[in-house]
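**Student:** Chains A, B, C and D, in that order, are what the protein sequence lines are.
Take 7 as the starting number for the first sequence in our numbering and just add one per residue.
Take 7 as the starting number for the second sequence in our numbering and just add one per residue.
Take 3 as the starting number for the third sequence in our numbering and just add one per residue.
Take 3 as the starting number for the fourth sequence in our numbering and just add one per residue.
Honestly, the hints are just simulated from the structure, not real lab data.
Among the clues, some could well be false.
Claimed, not checked - No more than 30 Å apart at the CA atoms, straight line, and that leaves these computed lysine-lysine pairs for DSBU-like:
(1) A:Lys56 with D:Lys498
(2) C:Lys326 with A:Lys56
(3) D:Lys6 with B:Lys105
(4) C:Lys286 with D:Lys153
(5) C:Lys62 with D:Lys6
(6) A:Lys105 with C:Lys6
(7) A:Lys105 with C:Lys42
(8) A:Lys18 with C:Lys326
(9) D:Lys428 with D:Lys459
(10) D:Lys382 with C:Lys498
(11) C:Lys153 with B:Lys37
(12) B:Lys56 with D:Lys316
(13) C:Lys316 with A:Lys105
(14) C:Lys316 with A:Lys18
(15) D:Lys285 with C:Lys498
As the list claims (entries may be wrong) - Here are the in silico distance ranges between beta carbons for each label pair:
(16) D:Gln142 with A:Asp42: 28 to 34 Å
(17) D:Pro34 with B:Ala68: 45 to 51 Å
(18) A:Asp42 with C:Asp68: 28 to 34 Å
(19) A:Glu13 with C:Thr23: 46 to 52 Å
(20) C:Ile417 with D:His497: 37 to 43 Å
The beta carbon of each residue, even a glycine, is placed where N, CA and C say it ideally should be.
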Amino acid sequence: MSASTVEGHIAKERFIGVDLQDHEEARGIVKAIVRDNPEAKVSQIPGVIKVTCHHQLQINRATVEQELRHEWDTQEFNMSIISYIGDIQEWDDDHILVKWSTD
Amino acid sequence: MSASTVEGHIAKERFIGVDLQDHEEARGIVKAIVRDNPEAKVSQIPGVIKVTCHHQLQINRATVEQELRHEWDTQEFNMSIISYIGDIQEWDDDHILVKWSTD
Amino acid sequence: MARKLGLRETYAAMTRGVNWTPSYVKEEEAFPYHQFEGIKIHDWDKWEDPFRMTVDNYWKYQSEKDRRLYAVLDSFSQNQGHLNISDGRYLNAIKLFLQGVTPLEYMAHRHFMFIARYMPGPGTRMAALCQSIDELRHTQIEIHSMSPYNKYYSGFHSMRKMHDRVWYLSVPKSYFDDAVTAGPFEFLTAISFSFEYLLTNLLFVPFMSGAAYNGDLPTTTFGFSAQSDESRHMTLGLQVIKFLLEQDEANVPIVQRWLDKWFWRGYRLNSLVAAMMDYMLPKKVMSWKEAFELYFEQQMLDGLFPDLARYGIKPPMGVEQAIKEKEKISHETYWALYNFGFAAAFNTWIPTNSELDWMTEKYPATFDRYYRPRYEKAQKIVDENGRFFMLGLPQLCQVCQIPMIFTEPDDPGKICFRSSTYKAEKYHFCSDGCKQIFDWEPEKYVQSWLPVHEIYKGNCGGPSVPEVLDWYGIQPGDNGEYQGSVDQLNWASWHKDFAPV
Amino acid sequence: MARKLGLRETYAAMTRGVNWTPSYVKEEEAFPYHQFEGIKIHDWDKWEDPFRMTVDNYWKYQSEKDRRLYAVLDSFSQNQGHLNISDGRYLNAIKLFLQGVTPLEYMAHRHFMFIARYMPGPGTRMAALCQSIDELRHTQIEIHSMSPYNKYYSGFHSMRKMHDRVWYLSVPKSYFDDAVTAGPFEFLTAISFSFEYLLTNLLFVPFMSGAAYNGDLPTTTFGFSAQSDESRHMTLGLQVIKFLLEQDEANVPIVQRWLDKWFWRGYRLNSLVAAMMDYMLPKKVMSWKEAFELYFEQQMLDGLFPDLARYGIKPPMGVEQAIKEKEKISHETYWALYNFGFAAAFNTWIPTNSELDWMTEKYPATFDRYYRPRYEKAQKIVDENGRFFMLGLPQLCQVCQIPMIFTEPDDPGKICFRSSTYKAEKYHFCSDGCKQIFDWEPEKYVQSWLPVHEIYKGNCGGPSVPEVLDWYGIQPGDNGEYQGSVDQLNWASWHKDFAPV
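Turn these sequences into a full structure, and let the hints steer you where they fit.
**Tutor:** Printed below as a string of structure tokens:
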């Protein structure tokens, strides 16, 4: 049984994404995500910024540093993240990659 | 002309004191002041705790440390003070003393 | 100068490099608890932790999170921020959170410390150790964050006692007690996967966003501070499932049954969250139904489950029923809280007309037909005779411990009753899901501490309502109707000088 | 291991131990500005700084203050905290602060840097250096703290331009321009003593407490963060006065005249604070009169001046008049702001009935007789014909630059006019104090940039009101009546879904 056959459930397009705090540093990270993932969609509920993509979402240290105008350690992402959708497939010194394992 | 002869002004009893932020650490400092200066009077307006005495007000590191239950550098008083009335006559590693020069 | 190690290498050095094989004792003496559930692990080194959190980073970021939080708390109480929330009613959601969730954080702290000691894999141990410390931090920051309200509002004073005694709090308590009395892999599936990955967004994201929207800085700040840790916990949850499924095919049916059980148990627990979202936030962020569709149906069913399908894992038992219930569960739960509100340590009230209209808009298929008439009738009773309560004691589900308030999946007009007989004794359930869970492990659930039974057995302070409330630790003002309560009267008097909008 | 130096020794080592006597240039070439005012200093080492702030402590505590502030600001905007202030009207006080005070912080930063370079005493230089950095920090944190409001409310967008151009802002601007164009000792007497010690509590303590009471976390937080620095600045102010008085008896009459001048100038500047306290805070902490009695009469007249009497210093000129005016000044100032509100970069309004009652209670001797009838009449005009403004341009005092709005000290029914003739030109003043200040230095004050004169001279964008407002940088919605303004309409629509109290 695949998810789409669950009774009463209407399957929609699959996405991955990150939910971030709506604060100063996170807003810079969101700008960087949007630059590096042109299909990224940004939405908001109070206090939370949600960024979603359909296939993968990559966060690049270099782009974040350009947006924040200071050095940024990828581990600092811990100060902004609230939740995520998908599987964190990579998190090294330069990149964070969120995607599902099957596409 | 002494202050008390200013026309239209009714002189009241002279006091010295400190105005502190109404936050966690300052509340501990206030407790220490009250312990060490039995005549201290504590009053409050939103956000501000005012402690006054008639002759002198002494803050002792040792008492503050007992109240806060951790080490306290007298220079940390900078994180709590809003204003003061009087003359800071001493501020060393162990004590802060506020009083007027004439009594 | 030596090259600085990268994140990947530092993490590997810490979790694998400093691990050792015990030589003074046998492996199974050092780690005696990970085999009795039938789970087969062949290579612990296959465990991955994408967060790659190292000890130095852990201290650094956690202390920074705490520093920020305490700066905000100080500022909030200095500004008498409690006066600036949207409405006094709002805090009842926070009372429910403090009474119901905070003690679970502490239980999580304790049991993750057990996992951190007893799992043979060093990566798993490190993740569990961090989580254990996180959960202790969460307990502390929740207590610190909510304590500014305790000075001014009722219901915040005895959360530990209440958690162990009050009827509706046995719902979260029994959930966690069930998990910590299971084996370590089931515990991880229950808490790390089912709760932290599958369902946590339903609790925390709308809850914290609701706090933000209703002006509750302390809750927002501890909430988001905790959520950044939860992201790490989600990763542990997803990792444990994938690890179990990849290690041995024989693990698949075991994991499937755990998923079936813990999805349903977690989902039932969330009915309190549903009531809170739809009824207890004066300014509403989204309806339970919208949250369920986004965070569960879209993110989990459409997102996660196709990834698990390749291992042979199916969406959990009861998911079809949960989908049907999204139109009903918040209304049925709040109605019960309203009716039995004399025995709750928070206040309840009839929604305002504009709130009823909001629910009509959000629940077009059910609200006007089934639920709105109840509240309009309740209002009429209040207007004519004052507030009423159901003073009898409700029958509880043997598994989820919620009163029998839920209706048949396809008929919102008919209460759903299920039962099983075990050793000549009959047991009652609110749903097929709870019945199934019982039938899988009847020996466990016949031992349930059911609040209503315990009252009848004389274990809760005495036979009368005042005696039970006293034993619960409920003080006058904590319970009952909000309108005219101590909190409402205080709120009105504190705001009477406020400028008109 | 060497004994760690105590606070006293560390401070001495830093301020005295690392000082040196110039040898490549003469002392008077290195420090050319401290003698022309006639002040005599014999021993700079007698300078004391009780705070004993050293560089390492300075960085440590200042960065901690900033960290706390920015955590609160982040949290505030994440929570849409602007919706939780007491009322939209409140922010007009903050607009006035940002436009009027923040640019003064920057001017203070610049001039204390000058003092830090040019005073011969190393203790004085260190204190001035810290204060200069503080003032830059204050400029920055004020801009950062108020910027969350700029997204949602009018009047926050062009404070630098407005400060240099708008009529009522020439009151604070001219005060500071007067100080920085004086000699260094007069500057320190003006800013460090008269403003920071004598009068600062009147501005900052009730203002910040008002911010706390009205739910404005950013202002409270930057305010108290700045105030802890101000305490150090007060010490510099008191120290400079005692130092000058102790160094040479010939300094006494010079200092006395500065005190006379700068008390009166600072007091006149505070009339804007008086209006703000009594009229612009929806939730009021204390009246101007109460603040003046506590912070000036009790703390300064009864507290400080007996200490200065032993040097031969008397309470400053005009103090009797200020005491008489405590019953009047807020009402006369706000009435002018209300009447000329079309040309202000904030909104004005008629106080609500309960606010009028509050003022009746706080000002029994004057309010019902002189001021309440004005507002009741204004309300009648609004009800019948809509809002009125005085569209003419008022005459300004040549010294304080406030319109001629103040009444005779002993007759609240009669406007006070004073004048002097200098080089065959007649100059006008609001009070004996301002006239006296002019008469002492007419060459200085004939150069005053008076906003009304400059409009008539054609230097302010053009002859019509819209041209002047445009040149001021005032955009529609910034100015005029609050009821029905963009801010008020937005506020009402943002709060329409709020739960009823």
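**Student:** The structure should be examined with respect to each hint, and the outcome stated for every one.
**Tutor:** Each hint, compared with the structure:
Simply put, Lys56 (chain A) and Lys498 (chain D) have alpha-carbon atoms about 27 Å apart, close enough for the 30 Å limit, and the pair holds. As the CA atoms of Lys326 (chain C) and Lys56 (chain A) are separated by approximately 27 Å, the hinted pair is consistent with the 30 Å bound. For the given pair, Lys6 (chain D) sits about 29 Å from Lys105 (chain B) by alpha-carbon distance, which is consistent with the 30 Å threshold. Taken as a hint, the Lys286 (chain C) and Lys153 (chain D) pair is honoured in the structure, with Cα atoms around 23 Å apart against an allowance of 30 Å.
For the suggested pair Lys62 (chain C) and Lys6 (chain D), the alpha carbons sit about 29 Å apart, so the restraint of at most 30 Å is met. Under the criterion of a C-alpha separation no larger than 30 Å, the hint pairing Lys105 (chain A) with Lys6 (chain C) is consistent with the structure, at around 29 Å. Using a Cα cut-off of 30 Å, the hinted pair Lys105 (chain A) and Lys42 (chain C) holds, with the two alpha carbons roughly 28 Å apart. With a C-alpha separation of about 17 Å, the suggested pair Lys18 (chain A) and Lys326 (chain C) falls inside the 30 Å cut-off, and the hint holds.
Of the pairs offered as hints, the one joining Lys428 (chain D) and Lys459 (chain D) holds, with about 17 Å between alpha carbons and a cut-off of 30 Å not exceeded. Restraint check for Lys382 (chain D) and Lys498 (chain C): satisfied, since their Cα atoms lie roughly 26 Å apart, inside the 30 Å limit. Simply put, Lys153 (chain C) and Lys37 (chain B) have alpha-carbon atoms about 19 Å apart, close enough for the 30 Å limit, and the pair holds. Our distance criterion of 30 Å between C-alpha atoms is met by Lys56 (chain B) and Lys316 (chain D), whose separation comes to about 28 Å.
As the CA atoms of Lys316 (chain C) and Lys105 (chain A) are separated by approximately 20 Å, the hinted pair is consistent with the 30 Å bound. Restraint check for Lys316 (chain C) and Lys18 (chain A): satisfied, since their Cα atoms lie roughly 18 Å apart, inside the 30 Å limit. Between Lys285 (chain D) and Lys498 (chain C), the direct Cα distance comes to roughly 11 Å. Compliance with the 30 Å bound is thereby established for this hinted pair. For Gln142 (chain D) and Asp42 (chain A), the hinted distance range of 28 to 34 Å is satisfied, since their beta carbons lie about 31 Å from each other.
Taking 45 to 51 Å as the suggested C-beta distance range, the pair Pro34 (chain D) and Ala68 (chain B) conforms, at roughly 48 Å. Between Asp42 (chain A) and Asp68 (chain C) the beta carbons are some 31 Å apart, a value that agrees with the proposed interval 28 to 34 Å. Here the CB-CB span from Glu13 (chain A) to Thr23 (chain C) is close to 50 Å, well matched to the stated 46 to 52 Å. Under the hint 37 to 43 Å, the C-beta atoms of Ile417 (chain C) and His497 (chain D), about 40 Å apart, fit the expected range.
Hint compliance for this structure: no hint is broken.
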